[in-house]
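Residue numbers (this note's numbering), protein chains in the order written: chain Z, 1 to 109; chain D, 110 to 1011.
If you are wondering where the hints come from, they were derived from the structure by calculation, not from laboratory data.
Check before you lean on any hint, since a few could be wrong.
So the derived label-pair ranges between C-beta atoms look like this [stated by the list, open to error]: (1) Z:SER41 / D:ARG143: 34 to 44 Å; (2) D:LEU567 / Z:LYS59: 42 to 52 Å; (3) D:ARG143 / Z:ASN92: 39 to 49 Å; (4) Z:GLY70 / D:ILE997: 56 to 66 Å; (5) Z:LYS59 / D:LYS222: 31 to 41 Å; (6) Z:GLY70 / D:GLU939: 29 to 39 Å; (7) D:LYS222 / Z:SER41: 46 to 56 Å; (8) Z:LYS59 / D:LYS917: 27 to 37 Å; (9) D:LYS222 / Z:ASN92: 51 to 61 Å; (10) D:LYS191 / Z:GLY70: 21 to 31 Å; (11) Z:GLU10 / D:LYS169: 26 to 36 Å.
Source: prediction; values computed, not measured.
Glycine is no exception: its CB is placed at the ideal position from the N, C-alpha and C atoms.
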Amino acid sequence: MKGYIGEFEELVLLTITSLGDNAYGVSIKNDVEKRSDRKISIGALHSTITRLEEKGLIKSKVGEPTHERGGKRKRFFEITNSGKAILHHVKNLRDELWELSKATLIPSK
Amino acid sequence: MGAFQGDPNPFQMKDHTRIEPPQFARKLFAWYCRNASVEDLEGDMEELFYQNLDRMSPVKARAKYCLQILSLLFSYALRRRKREPFSSRQNYTSSHPAMIKSYFKIAYRTIGKNKVYSVINVLGLALGICACLIIYLVTLHEFSFDTFHPDKERIYRITGETKNPENEKWFVNCVPAPAPAAVREEISGFEVVTGFHILNPNVSIPDGVNPAKSFGRKNNAVIAAEPDYFRLFQYEWLTGDPQTLNQPFKVVLSESRARSFFGSLPWDKVIGKEVVYDDSLRVTVSGIVKDWDKNTDFPYTDFISFTTIRHSFLKNYIRLDDWNDTRHSSQGFVKLKPGNSPALANTLITALFKKYRKDNDGAPFLISLQPLRDIHFFRNDEAESNFLPTLYALMGLALFILIIAAINFVNLSTAQSIRRSKEIGIRKVLGSLRLSLVVQFLTETFVLTFFAVCLAGLLVKPVLSAMGSYIPAGVTFDLFSLPTLLFLLLMTVGTSILAGLYPAVILSSYLPSASLRATGYSRNGKQWLRKGLIVFQFSVSLFFIIGALVMGNQIRFIKTKNRGFNTESVITIRTNWDDKSKRPRILVENIKRLAGVANVTLQMFPPMGFAVIASNIQYQGQSLVDIPVAFKSGDDEYIPLYQIRLLAGRNIVKSDSLREFVINERYSEALGFAKPENAIDQILSYNGKTYPIVGVVENFHQRSFHESIMPCVIGSFAEFQHGIGVKLSSKLTGEETAALRTQIEKLYKQLYPDEAFESHFIEDEIAWMHDGEQKTARLMNVSMAITIFISCLGIFGLALFTAEIKTKEIGIRKVLGASVTNIVAMLSQEFVVLIVIAIAIASPVSWYFMNQWLMEFEYRVNITAWVYILAGIAAISIGLICVSFQTIRAALANPTDSLKSE
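Next up, chain Z with everything else stripped away, as it sits in the complex (with noise of 0.2 Å):
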């Protein structure tokens, strides 16, 4: 498996998997806020995504003028297949970690 994603890349692209059709800029950036508890800039969220899309784990498409943002277009992102092959990857791997590692980390008493 080639290709590799950090912490914050995996999280932003769970994130947009489960927005589904809603994945843009704002949606995200709450949605990753209100999960993980913390604050994100928006220039970082997108520097993310860039990335993202850059490798090929993202796609996105322009969509309609709206009224609420000054008639702006928003940008929605939708995952692809290498993303999808990329988070299984990652999630068997933490699995195999965990399997192998169940014992130990049952916090003694």
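Position chain D against the provided structure of chain Z, taking the given hints into account.
Positioned in the frame of chain Z, the structure of chain D alone reads:
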């Protein structure tokens, strides 16, 4: 949880519409981003701002907005977007497959929409490409000769330069017969030195029982060759080997030759068979080689062993000890050792020649080894190849035609610019890249060129067969050969760029703001270019029109000018030159008896022809006159038969040996006689003997019109008279003439059973002397037709365009009372001016070149003013006819149609 999920409008709007994000931050962001596509980012920022307003004070929300902007400004996301070209994130790049599909689709639509333009362009380009293709095939053929020999770059022919008795430079592409052997023995540094002699014998195969099977002397390729010949040129030996040629009376045959001699006899049975050359040279077959299947100038089929020469009558022709006799039939070849320079060899061989050519009157024989690759272009005894410049001229011509066609294309494309400027404007507004537009236009050109190439490919075969006499034999068109396909590909790409790049760049440069203005885009500044191109095309056409007229005049002049003798229904027959018997005289007597024959003469050559024998004759008058004089030999019927007019004295009397001379007027003048009568009974000395002048005849042409009439004597050199001139009765019909020729052939065959019969009308022979000019003239006519055609296409297209942009003007003029004639005149005026300018340009240029061409003729027509007048009238009428299709249609149009739309 899930507050945002699935919610299309995840933020609630309070009534914050009046509160806005800080303007300066927004502007800063917009300024920083410039062309990058950031609409979605701005949207996100705005949305976050209003979201924040719900939770915090406007001041805080503003501060937050500024921070977010800053985070974006320094983010990778923005750097990345700025790096990408304008708006390309939403659009495809110019090379995206979808765009390529779109290019072709649009090209197809545009071509379909402008059918007339497209047809004009395709026709013009097809013509140009077809011309290029044909010239390419010819060039390929001409350069394919003898390229297959191993070590071909080390093989040279021994040629040289010396001076003839008249002290003119003389290129010699042959060697004295003993030269090759001497070079081999006395100079080292050659891998192979070999000489061979081209023979033209009569071939027959004795059969034992039946009379010998004769193969005549026509189309023979017989040489006397040494075994070393086969070290110089490689052959595949089917049987036998080169060493057999060390013995006399052996011959090696090529496979095809052996098959034609002996049918399908097995090779071991062919060996030892007898072949007879010139009835008495009996040789036996000692080997068979495979024919070369590539183009070559050495297509020899019979290789008689060199040693046969000394043992047979051949020694009388090939004088192996005579260094002063250079005949075309004796050839010398060397193959240098690797690394040796031909320059050194030249010096050494020159010195060798100097040593042996003793009694030569001081003219040195300067050797220059001629590379094998040049031999094809120096087939004649000339220092400069006639053929190569012609080939280059043809290449130039073909390219020229293509360029004119491309110019048409440029012209028509830019003429369409007004129509297309709106399209271009809209495309640009919708975000098209300039590169995409350039590619779009080039694709259109490419599609048209592709059609043109296909059309040219279809045209090549018919054109090749129609122009058979210009195309060297052996030129073939094979579409699927690699060089042809590569050439066509190159042509397609090259022509597309040549014709398409300029319009593509110009059209794609239009600014949308200007081209979308209601008034349209006027580009008056570029009109001069279009007009210039039309002027150029017409200048070229006029050049060819004038050239064709002048050449036509000269050729008519050659055909109709009084040559000083009559050629009407005279045919010539040649008999074996080496025959010393009385057979020609008997043949003359026999032919005389045939019905329908008016007169017969025994002669050497007819009055005018390729072969002119000249020698010096002395006359001792007040001073000695010793000049070269042309010899015409014939019996007493020669002068009456050709109706050469006697100015003074009488005709020669019948005699078996030379007794007296009739001279021509020019010679009489050269001898210093004021009147022809004065020359009578004067004494000329020739070869140590003296002969009286008995008559003076009017000058007649002996050579082509390129050369002046020489001083000339007519006498009866009986031993040289191997030709016969037969004057047929002028009343004969074509069928009777043919029947008579068959009868003459029968008489000939009775005397010469083994010789091929050959007879020609003198008029044809004279025409062959000017064959080159006639071909040039016909080529000129073809060029004229092509250039006129292309120019017509060009001017037609421009008229179409002019009529289109002036539709409204014409409408208004008609409403105000202009007649159809007025309007046609108005529209045509412009073109007449252009053609007149073209006449002004073409006249001096064509005068210069045609004058050069005419200067080569000693007897020529003058270029008269009416040639230019005629050419000018022709060009203007052709131009006007082309234009009139459009102008008349435009003038007849109903003004209500042209004025109603706005």
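Practice item. With respect to the beta-carbon atoms only, verify the hint that D:LYS222 and Z:SER41 lie 46 to 56 Å apart. Key: holds (54 Å)
Check your understanding: Does the Cβ distance between Z:LYS59 and D:LYS222 fall inside 31 to 41 Å?
Key -> This hint holds: roughly 37 Å between Cβ atoms.
Check your understanding: Honestly, do Z:GLU10 and D:LYS169 meet the 26 to 36 Å range at C-beta?
Key -> holds (32 Å)
Review point. Do the beta carbons of Z:GLY70 and D:GLU939 sit within 29 to 39 Å of each other?
Key: For Z:GLY70 and D:GLU939 the Cβ distance comes to about 56 Å; the hint is violated.
Check your understanding: Is the distance from the Cβ of D:LEU567 to the Cβ of Z:LYS59 consistent with 42 to 52 Å?
Key -> Holds, at about 48 Å.
Exercise for review: Indicate whether the distance between the beta carbons of D:LYS191 and Z:GLY70 respects the range 21 to 31 Å.
Suggested key: holds (22 Å)
Check your understanding: In this structure, is the beta-carbon distance linking Z:LYS59 and D:LYS917 contained in 27 to 37 Å?
Key -> violated (51 Å)
Review point. Is the gap between the beta carbons of D:LYS222 and Z:ASN92 within 51 to 61 Å?
Key: Holds: the Cβ-Cβ distance is about 59 Å, inside 51 to 61 Å.
Point to revise | Assessment of proposed distance window 56 to 66 Å (beta carbons of Z:GLY70, D:ILE997) | key: Between Z:GLY70 and D:ILE997, where Cβ atoms are some 60 Å apart, the hint holds.
Point to revise | 39 to 49 Å as the expected CB spacing between Z:ASN92 and D:ARG143, which holds or is violated | key: holds (45 Å)
Check your understanding: Does the Cβ-Cβ separation between Z:SER41 and D:ARG143 fall within 34 to 44 Å?
Key -> violated (22 Å)
The earlier numbered hints that this structure contradicts are 1, 6, 8.
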